[in-house]
Every structure is written in structure tokens, then in C-alpha cells.
Amino acid sequence: MLRRLKNDDTNGGDASRNGSPRESEDASPRSTNGADPMTSLQRYRSQTMKDYGLMIEYKHLRQHVPGGIYVLPSFDHPRTWFGTIFIHTGLYRTGIFKFTINLPETYNGPGTYPQIVFNSPVFHPYVHAETRELDLKPKFPVWDSELHYMVAALAYLKSIFYMKDFPQQSNIANPIALEVFRRDTEKFVSLVEACVEESLETVYNNDQNSTIRFTKPSPAHENLRRELFAQLGNSETQQTLEDLDIDVTPRNSSLYSAPDDQASA
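Be aware that the sequence shown starts at 1, since it is given in the UniProt record's numbering, and climbs by one per residue.
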């Protein structure tokens, strides 16, 4: 079972190692209001443990990521992850939606949500129209760092593309999308198809910092492509990707997606 590391896990027993309580008090500077300030070493330890916890969480994510989703951390910023989701059925079918995950410095702390922002517009009641940020609160009213992990957030991300109804709530990310969904189904479908089309038109527009990049197929990729699908032994998957005209050459062995039948939508 995945368990978050706490600062206490590394700081426990510091008082006993540093001598008596009186000696610890004398050795530690106090602020004017009498509270013990966190030393630079303590802050370093705290941040190091958070970063280490992030590495453990990503390792867990690689093993349990929902099918159709690919996630890879930035090479330069470990708290920035790049992702892509392929939608195979439903209103958003054939859509290829890229997104960026931003994990604040206080992530793993109580009440600190991760931030998931789509690269292209997603017309959906749970996605803010202006910022393109996914609203996590319908699924996670309170983010509990002891219970909630990125794999759960990504399972929720996938599920929004297959929702057939939306519970009544006071605050919703895109009230216009919800209104259109309830009053004009035909218009809603049309607007969804437009954002799907835009996701396909911009699929080759790669963020220069992204670790996931799409390139157009070239003859040099064909042999590798055939070898890949021969190993997979899945002609249906090959046909789907050929219809999309997407080069599926793998760039990094860390890029992993679980089979669709193991995903929780």
C-alpha cells in the first residue's frame, strides 16, 4: 500500500540524539514570540522528503496509470509532469488531449491540490473555459494527502470524458457547458466535436519543454512500427493509430500505460 512519507518519519528522535531537552532549547534560536523557527537544515530535510515522496508516487503511478493515459515528468522540473490522454469511445472519441500537471511545493501537504491544465480547449462542465484547468473538487471536495494520489486524479480525468450526467452543485467550472448539455444536446455534441477536432489539429504543436512529443509518421518509422505491433499482436490497435495518422515511436521507456481493461473510468 502506498503511504506518504511525513516529516516526522525523518525527524523523529532528533531530540534524543541532540541531548536533553534543555540542551536542545539552548542550541536552537528562538523567534521573538517564543516559537522555534524552522532551521535551514530542517527546511531542506522537509523539502527533500517531499521530493522523495514525489518520486515514489510517480513510480506507483507508472504501475497503475489508467489505460490510454501517458505521463512523464519534466527533465528539468520534477514538479511538472506532461501527459496525454487518448479517447477511444464516447462523445470525445478520437480526441488526443495533452495536459500539464503542476505539483506545488506544498503538495503532499493537507489541502494542497495538484493542478491539471489541458493544452487545448476541452468543452466540459468540469473544465474551466478560460484557464483549461480541470476542476478536481467534484471528485475530491477536500484533498487528503493520506488518501489521494495522482493515480486517482488521473482516473477522474479519464472518467470525465465518459460522463453521461452531472450532479447538481453550487459551483461548477464551466456553467455554460452544463447549461448547453442540459438544454441543447445537439449543440453540446457539436461543441465537443469542435474541441476534439482542435485537439487533433494541434497534436503536432509540441511544447518546447514537454517530455512527450508527437511527430508525423515518416518512412523510417515504418519498420519499427510493424515490429512494435507484431510484438503487441493487436491489429485492432494498429488500425486505430493508423487512422489517426500518429507516429507511435516510443521515446522513453518510462512512458507507460496500463491496458484499457485495467483502467478505472
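The set of hints was computed from the structure by calculation and includes no laboratory data.
Just so you know, not all the hints are guaranteed correct.
[Stated by the list, open to error] Using 27 Å as the maximum straight-line C-alpha spacing, the simulated DSSO-like pairs for lysine-lysine come out as follows:
hint, residue 1, residue 2
1, 164, 139
2, 158, 216
3, 187, 164
4, 164, 59
5, 139, 158
6, 59, 187
7, 216, 137
8, 137, 158
9, 187, 216
10, 164, 137
Consistency of the hints with the structure:
Restraint check for residue 164 and residue 139: the C-alpha separation of about 15 Å stays at or below 27 Å, so the hint holds. For the given pair, residue 158 sits about 25 Å from residue 216 by alpha-carbon distance, which is consistent with the 27 Å threshold. A C-alpha spacing of about 15 Å is found between residue 187 and residue 164, which places the hinted pair at or below 27 Å, so the restraint holds. The suggested pairing of residue 164 with residue 59 is violated, with an alpha-carbon distance near 32 Å, which exceeds 27 Å.
Taking the CA atoms of residue 139 and residue 158, the gap is about 12 Å. The hint holds against a cut of 27 Å. As the CA atoms of residue 59 and residue 187 are separated by approximately 42 Å, the hinted pair breaks the 27 Å bound. Proposed proximity of residue 216 and residue 137 is contradicted: the alpha carbons are some 37 Å apart, above 27 Å. At most 27 Å may separate the alpha-carbon atoms for a hinted pair to count; residue 137 and residue 158 meet this at roughly 15 Å.
Our distance criterion of 27 Å between C-alpha atoms is broken by residue 187 and residue 216, whose separation comes to about 32 Å. A distance of roughly 18 Å separates the Cα atoms of residue 164 and residue 137; the hinted pair therefore holds under the 27 Å criterion.
In summary, the structure is inconsistent with hints 4, 6, 7 and 9 from the numbered list given earlier, while agreeing with the others.
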